[in-house]
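2 protein chains.
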Amino acid sequence: MGRPVRQPPSPSIIGVSIAGGVFKRVLVGRALRSDRLGETLLPKRLALPVFATDAVSSVGYATQEILLVLAAGGALFYHWTWLAAGAVCLILLTVVASYRQNVRAYPSGGGDYEVATTNLGRNAGITVASALLVDYVMTVAVSISSGVDTFLSTPALTHLRPHKVEIVLGCLVFMMLINLRGVRESGKVFALPVYGFMVGIYGMVLYALARVVFFNDTLLAPTAHATVVPSAAAPAGFALVFLVLRAFASGCTALTGIEAISNGVPAFKEPKPKNAAATLLIMGTLAVGMFGSITVLSLYTKVRVTDSNANLLINGQPPVHGQETVVAQVAQAVFSNFTPAVYFVTATTLIILVLAANTAFNGFPVLGSILARDGYLPRQLHTRGDRLAFSNGIVLLGTFAAALIIGFDANVTRLIQLYIVGVFVSFTLSQLGMIRHWNRHLRSEPDVAVRRRMQRSRAINSVGFCATATVLVVVIVTKFTHGAWLAMAAMVVFFLVMKGIHRHYDAVKTELFTDVEAETALPAKVFAIVLLSKLHKPALRALAYARATRPSVLEAVTVNVDPDETAALERDWERHDLPVPLKVLDSPYREVTPVIVDYIRRIRRSSPRDVVTVFIPEYVVGRWWEHLLHNQAALRLKGRLLFMPGVMVVSVPWQLRSSEAVAERLDEDVKAPK
Amino acid sequence: MGRPVRQPPSPSIIGVSIAGGVFKRVLVGRALRSDRLGETLLPKRLALPVFATDAVSSVGYATQEILLVLAAGGALFYHWTWLAAGAVCLILLTVVASYRQNVRAYPSGGGDYEVATTNLGRNAGITVASALLVDYVMTVAVSISSGVDTFLSTPALTHLRPHKVEIVLGCLVFMMLINLRGVRESGKVFALPVYGFMVGIYGMVLYALARVVFFNDTLLAPTAHATVVPSAAAPAGFALVFLVLRAFASGCTALTGIEAISNGVPAFKEPKPKNAAATLLIMGTLAVGMFGSITVLSLYTKVRVTDSNANLLINGQPPVHGQETVVAQVAQAVFSNFTPAVYFVTATTLIILVLAANTAFNGFPVLGSILARDGYLPRQLHTRGDRLAFSNGIVLLGTFAAALIIGFDANVTRLIQLYIVGVFVSFTLSQLGMIRHWNRHLRSEPDVAVRRRMQRSRAINSVGFCATATVLVVVIVTKFTHGAWLAMAAMVVFFLVMKGIHRHYDAVKTELFTDVEAETALPAKVFAIVLLSKLHKPALRALAYARATRPSVLEAVTVNVDPDETAALERDWERHDLPVPLKVLDSPYREVTPVIVDYIRRIRRSSPRDVVTVFIPEYVVGRWWEHLLHNQAALRLKGRLLFMPGVMVVSVPWQLRSSEAVAERLDEDVKAPK
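Chains as they are written, first to last, in the numbering used here: chain W, 42 to 715; chain V, 42 to 715.
Next up, chain W with everything else stripped away, as it sits in the complex (with noise of 0.2 Å):
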């Protein structure tokens, strides 16, 4: 005895679709095996669309964020944007330096929430995970919003403007729907696109440089001569430095998802972690290339964007349709002779901005999956679905993005006011760490080479600290009022919430391991109870199968609520002369339920070291309706069984005819050839 048996799966379940009907295996295709896992590995050149789609779709409205909030001193002002421009750049370039340090020390796929554990401590790793929780919905939520507009831009599809928040809600259904369908298709289904969106960007750069260069051409925005009305005073000293900062600090969305691919490691073919390092590299000098080249496009061509519809003035009048975002405008200037082009940029930068929603949906669920199996999150969240994605993590996500968006009617500058905090707050602790884990490996290695490599990695992850720290502290001084708070709340709801069911989980083990031996003693007999009110066939199964159990004592036992039943239950007991005693419970007060309690407590004082075990027939039925009528006793009975110790509730189930239907619908998916 002992020894574990191995016992592998019959035939009939190798090779099998287990999901929940033909409407899902169509929806969500074909489930996946565990071993073949492997094939879902992503190459560079997969791996690049899948995970960059966040960090370089942000640049479609990193540029307009700036001029929105320069615009607020009046259109003179946007000569800072250089500046803010310059600053996001920078710190752009050595976020991605800093993380490709992380990326090689731990390949694991935990990303900044494992970094921020294993170096600064457990409560640090759960701030890191509640921020990047929030950052993946506030990803979602701008993502497609932003991506909505810019294709709303486009003034034929003027018309469309009002039902702007169902074509968000519509579009992130789908994006819900493909990422069900697992990883790899994925990477296929957003190669095109991605590689689509970089080819209109850069080349918009060499259209424009062509036909200012040879053509000497002037390009003008649709707005260039409009007039942006400052939405107070001229701000100068401490008001000036403060609104180029709040500038900078919107631009800073340029740097959200690079933390995407620290997270995804595990995701990239082998040699994981310089795959993930080489692709992080080209990923961050796309970025700064096309946020800088829309950036010096949109001050040439002289887009002018204002927070309020008002203060934007076209010939005198405020804009009737509600503002152009800037790529749209950008694109309308360099090809005003080549009307296509537009629409192919614009386009490109819809599908690019609702797939950046995909590395959320790529994020979220793994890193659900990676606190549930620690214990943060409930243990759902850690199970596979079909198409080994991780389902419940990915509704999760679409739900809470579905609120957002609602909540906020899709508008990108308000929800944007939530976003970055969550961001930065993981970049620092993340940096922190990796500082901590080069200060310990450094105590223990004797390597002069090895050393001098930590060294510098030391001081990359230092410089990186310094930097997100700093824009951190800006973003909270200059966000706080406008939002921020909003996005630090929900931070701290997750983080008390992980805790809580964090130290819910530990009591539970506590209580379920400690002196786990004294569970093994064998109650001394089994005292066995059938409940019926009638001698059906469900009833007569469930006392044969009482009987088959061969307990210590047996009873048939009937609670007297309506004389004439009971007496007809004796009536017909005497006659099958079934050789178990019926015994009829009065019930002055015509309920069930406390009568059978009451009586189960009995036996269970008169014998503390027995166990009762109680036979319910119950009727499986196949229509919800059916419900209705049936069981509602019994259930309300096993409810309330399950409160008393030392009593086990067996259901002894008889299968009404309309539940064979149901049962071979059940069989069908489990049977279905791969």
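Incorrect hints may have been included.
Which copy? The list can't say, so a pair holds if one copy fits it or any two copies do.
[Claimed, not checked] Calculated cross-link-like contacts (lysine to aspartate or glutamate; reagent style DMTMM-like; alpha-carbon spacing at most 25 Å): (1) Lys566 <-> Glu596; (2) Lys575 <-> Glu596; (3) Lys578 <-> Glu701; (4) Lys310 <-> Asp603; (5) Lys550 <-> Asp613; (6) Lys550 <-> Asp605; (7) Lys679 <-> Glu560.
Keep in mind that the hints were calculated from the coordinates and are not lab data.
Everything numeric in this text was worked out from a predicted model, so none of it was measured.
Chain W is already provided as a structure; the job is to place chain V on it using the hints.
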């Protein structure tokens, strides 16, 4: 063996309140014992208010509905009121006389449903039942709405009129709570206002007589000088006949509720049939008297009411805050020199109309319980809840009525169009059934005196049948397009649902009771498996219990979802050296349920005559959110296993500490002293 044993309830359960917690006990009161059911029987002086509220209170709106219809032709057509109201009185007395035969012949409380089923067959019975169910719902909605209307007619309460729907719903909830407390206390609660209402109305008549005869005063309603704008050309010929018929049909609302006593005979004190018949006569006389008085006074004081506010011009202007009810206007006219009496009349009208709903709250659950007993409604409705009241039915009725009130904005005139179709369907079929009843008895009755009494009864019922059938035709013809179709559609729905439920229960019964002996055969062996994933106390308890049941084969089974966890379990298993083999099922798709189902299916296939017992350790938690953190996989598995024939599912509960508080609370409910 074989001979049933009676088990008296334990002392702890005698004199017990079994409600669900303190809250319920405060709201609903203590539970009553079966043998105290007799105490809730009603003497005539209490039965009258309980069962007569509906019939008596409808005088609060019957006159008004006649005037409203006739106003379509202008104020001149009010003189047709005499004709319509006279016909209503005649019909009312006829129906009272008929129903006195019913209660004597069928004193069991089945009322019209029983009469129709016994004499005309099941379909007629369910038709009557459908009609009555619809009618009860209507009674609740119309009575409460009308009562609140009257009350808000008091000039001082004008400002509350916009909140009418909320006030109506508040009264409805109040009614539900009172009725959940049981019949007896209701009787006491209702006696005072019902007698108060009678005093108010008859007092008003006497006071009016005194003023007119002795003081020669002129009594004028507030709208006496208002102009009624005809809503169509003055009707003549057939249109006039149709208008008067429609007024008569509307006035027939005065008859609703007469059948209530025939459904409530068992609640009377002995001799039940005699007391019920006497109460019926008193009620009818009082109702005719009050209806006549209000009609005469309304014509004398020149009350003007119209369907639409726009058609009533007071000094050339429509009333700003809506119109006042007829009763309120008559009271203001009669008591123009004694305002407190106006308040008394409107207040008692409010109360009695709100309490009229009580007739339905008494009748609906009783009828529902009878229908449930006969298998036409879900069995839950058959069980008496706490306080001997049929809680389920009361809650159901309240829900339907609330839906109607919200759907029709608590507008009496719109609601009343749906009313009385049901009543008269029930009246007509019931009288037809009574004719058949007497015919059947006359065939076998030899005693001449008895025969003469029977013939007299049959004559009365025949007159009743002709009268009610005529009214039914008039009601359907004149009101079909005004809303009666909706009530008829609801009746058809109830009818079909009840037929469907009955067919279902019949089919199940056939399934359960056919070839019963086959189920007495014992299964050959018991093959037991204990499902576990870790070796903690719940798992060990499940193992110990499983071993105590001494099955033929016993295995512990785990599904290999996470190889690390499985390895840990295998190590633990060997360390504990448990005398049970552990079988590890491989799961290529990391799913649990299908792998276990597949395994059990193979066991069943290899030895079909065995029964498989599946032991599942289950956490019992005390807080709602803990359900999210535990048992999800176990629940899904249990749900699936129930569909497999030959499988018993055993829940071995492990009570987490948090569940103890719940268990104690449940215990307190059981142990609370009477």
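Evaluated hints:
For the homomeric pair Lys566 and Glu596, the shortest alpha-carbon distances inside one copy (14 Å) and between copies (21 Å) are both at most 25 Å. Taking the shortest Cα distances, Lys575 and Glu596 sit within 25 Å of each other inside one copy (15 Å), while across copies they are farther apart (34 Å). Taking CA atoms no more than 25 Å apart as the test, Lys578 paired with Glu701 passes inside one copy only; the shortest distance there is 17 Å, against 36 Å between copies. Taking CA atoms no more than 25 Å apart as the test, Lys310 paired with Asp603 passes between copies only; the shortest distance there is 23 Å, against 71 Å inside one copy.
Taking identical chains as interchangeable, the C-alpha atoms of Lys550 and Asp613 lie at most 25 Å apart only when they sit on different chains, with a minimum of 16 Å there against 50 Å within one chain. When the C-alpha separation of Lys550 and Asp605 is checked against a cutoff of 25 Å, the pair qualifies only between copies, where the shortest distance is 18 Å, while the shortest distance within a copy is 51 Å. When the C-alpha separation of Lys679 and Glu560 is checked against a cutoff of 25 Å, the pair qualifies both within a copy, at 23 Å, and between copies, at 24 Å.
Figure legend: structure checked against the earlier numbered hints; every hint is met.
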